Structure formats: structure tokens, C-alpha cells
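Enquirer: What follows is each chain in one-letter form.
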Amino acid sequence: MTKIYSKKVIEHFKSPHNFGKLKNPDGIGKVGNLICGDVMHIYIKVGRDKNKKETIKDIRFETFGCVAALSTSSAVTDLAKGKILDRALQINKENIIKALGGLPPIKTHCSVLAIDALSEAIYDYLAKNKRKIPKQLQKKHKRIKRELEVIEKRYKSLLKRK
Amino acid sequence: MAKKRRIYLDYGATTPIDKRVINAMLPYFDKKFGNTMSLHSFGQEAKLALEQSREIIADLIGAKANEVIFTSSATESNNLALKGIAFANRKKGNHIIISPIEHPCIMEAAKWLEKNGFEISRLSIDENGIVDAKEVEKLIKKETILVSIMYASNEIGTIQPVKEIIAVCKRKGVYFHTDATQAFGKIPIDVNKINIDLLSASAHKLYGPKGVGCLFIRKGVKIEPLFHGGGHESGLRSATVNVAGIVGFAKAAELCKKEMKKESKRQRNLRDKLIKGVLENIKDVKLNGHPLKRLPNNANFSFSFVEGESLLIQLDLLGIAVSTGSACSSDKLLPSHVLSAIKLKPYQIHGSLRFTLGRWTKESDIDYVLKVLPNVVKKLREISPYKNHETLRVSEP
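Line order of the protein sequences matches chains A and B. In this text, residue positions in the first sequence follow the numbering used here: the first is 632, and each later residue adds one. In this text, residue positions in the second sequence follow the numbering used here: the first is 16, and each later residue adds one.
The hints are simulated quantities; they were obtained by calculation from the structure and are not laboratory data. Since the structure is predicted, the reported quantities are computational estimates derived from the model, not experimental observations. Some hints here could point you the wrong way.
[Claimed, not checked] Listed below are the simulated EDC-like cross-link pairs for lysine to aspartate or glutamate, each with C-alpha atoms no more than 16 angstroms apart in a straight line:
1) K377(B) / D287(B)
2) K308(B) / E397(B)
3) K638(A) / D287(B)
4) K298(B) / D147(B)
5) K386(B) / E295(B)
6) K761(A) / D657(A)
7) K360(B) / E642(A)
8) K98(B) / E70(B)
9) K386(B) / D346(B)
10) K645(A) / E397(B)
11) K645(A) / D331(B)
12) K301(B) / E278(B)
13) K394(B) / E642(A)
14) K106(B) / E239(B)
15) K652(A) / E397(B)
[To be verified] Residues from chain B that face chain A, not an exhaustive set, calculated with beta carbons under 7 angstroms:
16) M52
17) L54
18) E322
19) Y362
20) Y401
21) N403
Glycine included, each C-beta is placed from N, C-alpha and C at the ideal position.
Looking at chain B on its own, in the form it has when it is part of the complex (with noise of 0.2 angstroms):
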């Protein structure tokens, strides 16, 4: 029996352990396995090894190897950084401003620390998911110890324009966080250039193993650690610290920064002709996120009158995997709170579908997705009380 198509497109959410990764990682699960706070050799080798992948995690960045720490994900390091600067910082104010489309971390993170005596703005954003640098600044107050955006979206690819939104943290003395883990090894990030405080970033999403993020800390930024300890990290982040995940971490990064402007053009041309494809061929579809200033395997669209969970379905049992944000298909039935921040109308909010390349993405998946797409939305569209604008208008209040 021929073995059944399967054309993962959903790097967005996580990615497979590039081979050269994983031989990189081996020695250290059963050979240089040792504790690195061990003062023995095999603890030592172990030791150097973690401060050689720190060094090429930074140099990704542009940062200093004593200014990274390591930690399980992202999610741990915005946690760390959201919570770490609030505690560090109280004398000095307890407001934080943080973007209406971060990820679920930075927002459940915000809430919490809005019930333990922390003020939480949230900004605005255009139809685009941009932020106004402008409305950053009047946002600031005296009381105002940070602001944490993500660098690049990861449901709609907007990429936003942090170097305005630094300068004006600069000028009004506030610390600047972002949550770059969508953008780290994807386009070019240089935390000296643009004056970035904390940046956080995960191995998993560039092609490393899951368990691994790190956390940018600018020197003289100080932090409260969550977890307190043997005093790993610096004292900022105790646990016997996972060097193979890390060594891992690092070969990815490695790779990413010598392959990233032959990839990234290469992954920008596949997704380019998804994009031209499915608006070309399929009516009542719009791109959501900016059509230029997007991430270059990003493209999220929201097909009208038909729902998501239906198409990723449908899409799936032609062996296509993607991603949507329909409310049907999260835990809680809530729709994503990117597409609604960005004031999609529910019938398209409902109806989107991200789709993300990566390494292995070849020209002939997105032609396999472009010739059975139409014919998806068609089946769809045909059992939905709802065919066009008009059907809508009469049938809906």
C-alpha cells in the first residue's frame, strides 16, 4: 500500500530536531553527563560545554555569553521576565504595558501579576497587528518599569517595529522585554543595535529539542529569580541545568545563523506562492497580519463563511497539518485573541487557518496545498448556510 502524503506545515507550533542537533546532543546524555556544578572533570566538561553553547546562543543575538541564561522555554523565561523585573522594580512603580497579542504566557503572566497590586496596560494595534510606538509613549508614566512586545507575531507573522519602541522606552528610562521566540533564528536580531533589556526564546522552534529556552538579560538589568536554589545561572534560574538540551540549543542556533539569508529567501519565495495561490484562486479570503512586514515562513489567512476546525480537519485527513484559530477548536471555545485584537468580523475570525513553513518545506508541498485547498473551502462553503456577503446580511442580526 502506498504510504498516505504527510506535509507538515505547521512549524509555528514546534519543529522536528534537525539530525546534526541530535548528534550534537548525544554525547551528553551517557558520556559527558555530569553535573556542572561538580568540581570533578566529568562535572567540568559538562560545565564546558554549557558555557560554550551560552557563547554561540549569544553571539546569534549580538549579546555578551554572561548576559544568557537558560531555562525550560519560553514560557518560563517570560514568566521570569515579567515577574522578575515587577519584583526587582517596586520601589520604583508597579506599571507594566505589555501589546493586546502577546502570547498566552505574557498575558496570563500580566493577569496575575494584576491581582497581586501591578497595573497592566494594554496598547492598541492597527488592522495590520502593529504597534504605535506613539501610543507607547503616552501610555508611559512615572510609575512604568516595563514594557514587553513580541518581536514578531506568531499567529498572524506581523513583525513589529521595536527600534521606535525601544528609543522611546530609552528616553523615558523603561526597561524594553520581548518575546522574540517566533523571530530568534529566523531574521536577523541584534540586541546592541536596537537596545533590547530581556529577550526571551525557545531551542523548539528552530529546529532544537523541547524542554530549552534562554533569557536575554542586559548587564546591570536585575531580576528577581523564580526559582531559588543552588544558585545555578547565576542565582537567576537554580536547577541542575540540562546541558544536552542546551548543547542542542546551541548547534541549532549554530545552524540557523549560517543558513538563515539562504533559508529565509528560500522559505519567503514557497510562502509567497501560497499566498499569490490562495488569493488568487479562492474567493472571499483575506492575509491577516502586514502583507511586508511579516516573518518570512508566516501566512495566516481567514477563509469566509466556513470555520476552522472544519478546514484543518479536512485538511488534515489529506495529510496537510496547519494550525487555526477558531474558538471550536481551543480548549475554553474562546476565539484567538490575535485575530480579534486586529478586529477580524467573527465569520472571519472563525474561518483562519496558519500556515508555517520550515527547513523541510519543499515547492511541491505548497503545490500539493494549492491544488486541494479550493476544492476544501468549495465542499465547506457548500454545507454553510452562508455563500457570500449577501446570504450574510439577510441571515444574520
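Pulled out of the complex, with its shape left as it was, chain A reads as follows (with noise of 0.2 angstroms):
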């Protein structure tokens, strides 16, 4: 029984919650690298509760990665379904971090990668549907697509080979 990681991250790990693919996501948000060695995939379905508030209707993910990245993802989807929009946007790493009762200090990455993928689906929904944008979003999209663009480039010729 591995003691690297806490009781809670093992549980995700080995039952994760709300994997797979959604039909017709309202938002996708893609996130990480393959050459990078992890990769989240996060579709949402978005609806109206009673006060007419966009929520989170349904949530699900799809991760390549170690056992702190899928625990993390699984983490993600339990913490942000059934929030409206703007709460589903504040939840932070931290927030991850409590709920797995803990990450290895070298696997912190992975809970920002969960964050991540949850803010760009969220993004895609907004722009598909021509929604106002927050500025902090928009900040944090234009980072992550930066941040591939740089990981791109430095493995171009490891891509090439592909």
C-alpha cells in the first residue's frame, strides 16, 4: 500500500468520480501537454437553477497523467458541479488540496492543471455563447495558451518526430 500519497488521493485514484465524455458539451476546456506528461480534458453542461444563475449542470473529465493529476481532476469535477458559474470560478488549488486531504509538495502542479481545465471550459462556454468574458478569465486563458505555445516550441523537435 503506497504511503506517498493521503488516503483520500488513493480513493479518487481508484474510483474516480465523473470520468469520461459528456454528449454535446456546452464548454470543453483542454489543458497540459502530452510531452509534458500530463493532460486534462474537462467537458460541462451548463443550465439554470431557480434564480435563472448559469450553473454547472453536469461536469466530467478525461486525464492522462500520474495519480495526483487524475485525483486532482476528480477532486475538480466533484467541487464544481452544481456551483453557479462565478462560484465554480473561484474555486482555487487550495480548495483542491483540503478536499484530497493533502498533495506530495512536487505534485502541487497538479492541482493548478485541475483549476486550469475547469476555467477554459468555462472560457469556451462563455465565448461560444457570446457571453461577457471576466477580466480575470480572460487574463488566465491568455496565460495558458502562452504557456503551451513556450512548451510547444521548446520540444518542436521532439514533436517533429511525432
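Mind docking these for me? Both chains are given alone in their own frames, and the hints should help you get the complex.
Expert: Laid out in C-alpha cells, this is it:
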């Protein structure tokens, strides 16, 4: 039995919550890169609650990555499901780490990746539906795109081999 | 409650000490505990054990006893070989050639030498991990003093064409060192038949204790020591000798020599059963390393579309211990340099698992792995965004 990870991380890893695809998702967030070894896709379906506020009606994830990556993806879907979009955007990496009962410091980036994937899914929904995109979210989206370009540039030779 | 089944398939990382080795070592902890440099009978009986052990280790590789010195580990032996030859031959030249799939101790020692006035060339390898002797010949120049290539890869099991490479080195008057840590005790090595100048090995890879290694140095080859002090090991490795450990190393080596033919055949059969079972029952999987020229106990696979640490921990939860070359599993978050060097695609490097069999691996262990592994891979592929090459092409830049 592994002692590197907390009990909750292993629980999520053994039986991940909300994995798989959604039929006709309203928003898709794709982050990470195969070269680095972590890729997360988050799919959301957006509905309206009784106050007509837009909420995450349903959410799924697909992840290629280590134990931490699979667990943070699973945990972020639990935290985001049913939340109105504004509240979902406030979920931070500390929330995920707390929900998992801790993460080894070297794996903190997996919790950041999960937040990024959720942000991108919400960004995608807002952009597709021509909604106003909060400034913070726009900044985040730009940062994520920029980071991906840097990785692709750095590993151009590796990509060429493909 | 039923005892949970535990299957160790990481003998390449380390091995349990054989009971026969433990028994051989015991008297040297509290009965024959003397310092080998002491002139009295306590010292001399310890010295006798040291010299007898030296003969046994030398015998395993066809060397003379006075050509073997003891160190703390293969890491120390490798550092001693590279830096020792480098500094002893500075006047002759400063160029060293290594393969790109050496153990980190060779790679890091070479990097350190680069910062200290030496030039290092790193060879290329083919997709099976084999070094081309012709490339070695091309790279050797007037300033070359050493070529260092591991006898067999700890990661992918590939056995190098050492005989051909040494022939080139001899023609050009360059020393040849090999890190034989994984091959020593598993396959026959004769330092005279193939003219090796220096060879490193370690006890804990062959059912001996951790903390003991050796370095074979052909008579006439001069090296600068790393440790200066009381002059132990012919002045090449000062420090009070770890007699108990060395006695254990010798016993382990003796047992390996005796059982090598039978054991290598038995492990090879189990390894081949594992390889056949994995390749036949799991899709999108590749065997890494040379299909034939490989260590009898090594099977390294790449499972596409899933990640190595996840595979490893799933197997660990089922009681099976293996290792992986994925980036997420390393301290530095860097993927295995060996798997990168044999030009695997990123999704193959990250999804690698190394199985290394050993003396206590049973057929039922292999059967159990073959029973559970396909489902482990299937479950992780269900969670992965990549299910096949089609999804890879569409999703990836």
C-alpha cells in the first residue's frame, strides 16, 4: 500500500468521480501537454438554477497523467458540480488540496492544472455563447495559451518526430 | 485476515539478501571483526577473509585477484573509473566518450568532468538501444583517453556489442570501461576474452548487501584515487575495509556463478512468458530494448495512452512492485533519458513499466500479473482522453 499519497487521493485514484465524456458538452477545457506528461480535458453542461443563474449542471473529465493528476481532476469535478459559474471560477488549488487531504509538494502543479482545465471549460462556454468574459478569466486563458506555445516551441524537435 | 499477496518484480532496483549470504557474513560482525590493517591475529583473520573474497569476485569475471578493488557501490566505482582515468591521463588527452543511456552516476560524473576541463562526447543509439562500434571509431581522436559504455542497460535490458567496441578501442589505444552492474552475475563476463580495462559492479543487485561494490582495473592501467588516506586497496581506495559486506559480496558472486546457467534459463523462460502474454493480450503496447540481446530478467514495456506512475500505483495496490520511466514519477519531473534516447514518442515514454525478475520469481507470479495487468491498463485508458491513435491525432498539436 502506497504511503506517498493521502488516503483520499488514493480513494479518488481507485474510483475516480465523473470520468468520461458528455454528449454535446456546452464547454470544453483542454490543458496540459503529452510531452510534459499531464493532459486534462474537462467537459461541462450548463443549465440555469431556480434564480435563472447559469450553473454547472453536469461535468466530466478525461485525464492522462499520474495519480495526483487523476485525483485532482476527480476532486475538481466534485467541487464544481452544481455551482453557479461565478462560484465555480473561485475554486482555487487550495480547495482541491484540502478536499484531497493534502498533496506531495512536488505534485502541487496537478491541482493548478485541474483549476486551469475547469477555467478553460467555462471560458469556452462563455465565448461560444458570446457572453461577457470576466477580465481575470481572459488573463488566465491568455496565460494558458502562452504556456502551451512555450512547451510546443521548446519541444519542437520532439513534435517533429511524431 | 488473509495475508495480502506481495510480488516483487523490481530486482533491477535492488534484491533481497540471500540467506546463504547472510550466514556467510554473520561471523564478520562480532567474531572476526578485526581491522584488516592490524598486524595481530584479529586483523589478519579479517585480512584473510578480504583476500579470499577478492579471489572469488575476480574468478567470476576471469580476472586476477590483484586486479579487483572494493568500493561502497557501483556509483563509487563508476566515479572512480571515470575521474580516476581522467586525472591519471590528463597529459595524454582530455576526451571521453560515453553512451547516452548510462546510469545517472556516469552521466553526472561526465558532466562534472566537462566543467573541469574535459570534453565529453555522447554516442547515439538505435531504437533497440544498441551502440554502433563504427560510431565509436569515428569519434575517437588523438585526445581520447576513455570510452565508457554500460554492459547491459538497467532500464531496457539491451546488451551492448562490447566485444566489437573494445576491438575498436584497442586498435586506437584507448581505455574501455564498462558499468556491468546489471550484467554481473546474470550473464557470463570474461574480462580477458574481450579485453576490458575497467569494470564496475555492485553487490546489492545480486542478492548481496547494499553498501559494497567493486572495480576491476586491468594490471598496468593507472588511475588517480578519489579517497586519499591509509592506503587501503593498493592505495586506490583508502578507508577501513567493510569486510562483512565484502564477504557477503563474494558469497553472492559465488552463488551466482554456480547457479547462472540454470537461473538465467529459468528467468528467461518466465520473462518470455510475461512478454508474450502482455503483447498478445494488451493492445498498443511495445517492448522496449532489443528483442533478443537483452538481460534474461528484464522486460520493459510502453503502454500507450496511459501514464507510468498511475500504472505503477495501480499494480502496487494489487501487491505487485515494478518501476517506471515516466516524468511524473521522477524527483525532477523529467522523463527517462534512456527511453528518450531510443526515440520513443512522448505518450510511450510516459507509459513505461519495467519488470525485472529474480531468484524468487515464480511462474504463479507471472500468471497473476498477466491476469490483472490488462484490466489495469483498460481502466486507465477509460479515464484517459486518448483511447487510440485516432484520438491522439485529433487532440494533439
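Enquirer: All the hints need checking, so say for each whether the structure fits it.
Expert: Against the structure, the hints:
1. Distance check on the hinted pair: K377(B) and D287(B) sit about 13 angstroms apart at the alpha-carbon level, within 16 angstroms; holds.
2. Taking the CA atoms of K308(B) and E397(B), the gap is about 35 angstroms. The hint is violated against a cut of 16 angstroms.
3. With a CA separation close to 36 angstroms, the supplied pair K638(A) and D287(B) exceeds the 16 angstroms bound.
4. About 32 angstroms separates the Cα atoms of K298(B) and D147(B), which puts this hinted pair outside 16 angstroms; it is violated.
5. A C-alpha spacing of about 13 angstroms is found between K386(B) and E295(B), which places the hinted pair at or below 16 angstroms, so the restraint holds.
6. Distance hint between K761(A) and D657(A) is fulfilled; the C-alpha atoms sit about 13 angstroms from each other, no more than 16 angstroms.
7. A C-alpha spacing of about 31 angstroms is found between K360(B) and E642(A), which places the hinted pair above 16 angstroms, so the restraint is violated.
8. Note on K98(B) and E70(B): the hinted pairing is violated, with a Cα-Cα distance of about 26 angstroms set against a maximum of 16 angstroms.
9. Restraint check for K386(B) and D346(B): not satisfied, since their Cα atoms lie roughly 31 angstroms apart, outside the 16 angstroms limit.
10. Of the pairs offered as hints, the one joining K645(A) and E397(B) holds, with about 13 angstroms between alpha carbons and a cut-off of 16 angstroms not exceeded.
11. Proposed proximity of K645(A) and D331(B) is supported: the alpha carbons are some 12 angstroms apart, at most 16 angstroms.
12. Of the pairs offered as hints, the one joining K301(B) and E278(B) is violated, with about 26 angstroms between alpha carbons and a cut-off of 16 angstroms exceeded.
13. Under the criterion of a C-alpha separation no larger than 16 angstroms, the hint pairing K394(B) with E642(A) is consistent with the structure, at around 15 angstroms.
14. Restraint check for K106(B) and E239(B): the C-alpha separation of about 13 angstroms stays at or below 16 angstroms, so the hint holds.
15. Pair hint K652(A) plus E397(B) holds up; C-alpha atoms about 10 angstroms apart against a cutoff of 16 angstroms.
16. At its closest, the beta carbon of M52(B) sits 43 angstroms from a beta carbon of chain A; the interface hint therefore is violated under the 7 angstroms criterion.
17. Given hint, L54(B) at the interface with chain A, is violated; its Cβ is 50 angstroms from that chain's nearest Cβ, farther than 7 angstroms.
18. Hint on E322(B) holds. Least Cβ distance to chain A is approximately 5 angstroms, under the 7 angstroms limit.
19. Interface hint status for Y362(B): upheld, as the beta-carbon distance to the closest one in chain A is roughly 5 angstroms, under 7 angstroms.
20. Hint status for Y401(B): holds, given a least beta-carbon distance of 6 angstroms to chain A, under 7 angstroms.
21. Using the Cβ-Cβ criterion of 7 angstroms, the hint placing N403(B) at the interface with chain A is not satisfied: the shortest such distance is roughly 13 angstroms.
Violated hints for the displayed structure, listed by number in ascending order: 2, 3, 4, 7, 8, 9, 12, 16, 17, 21.
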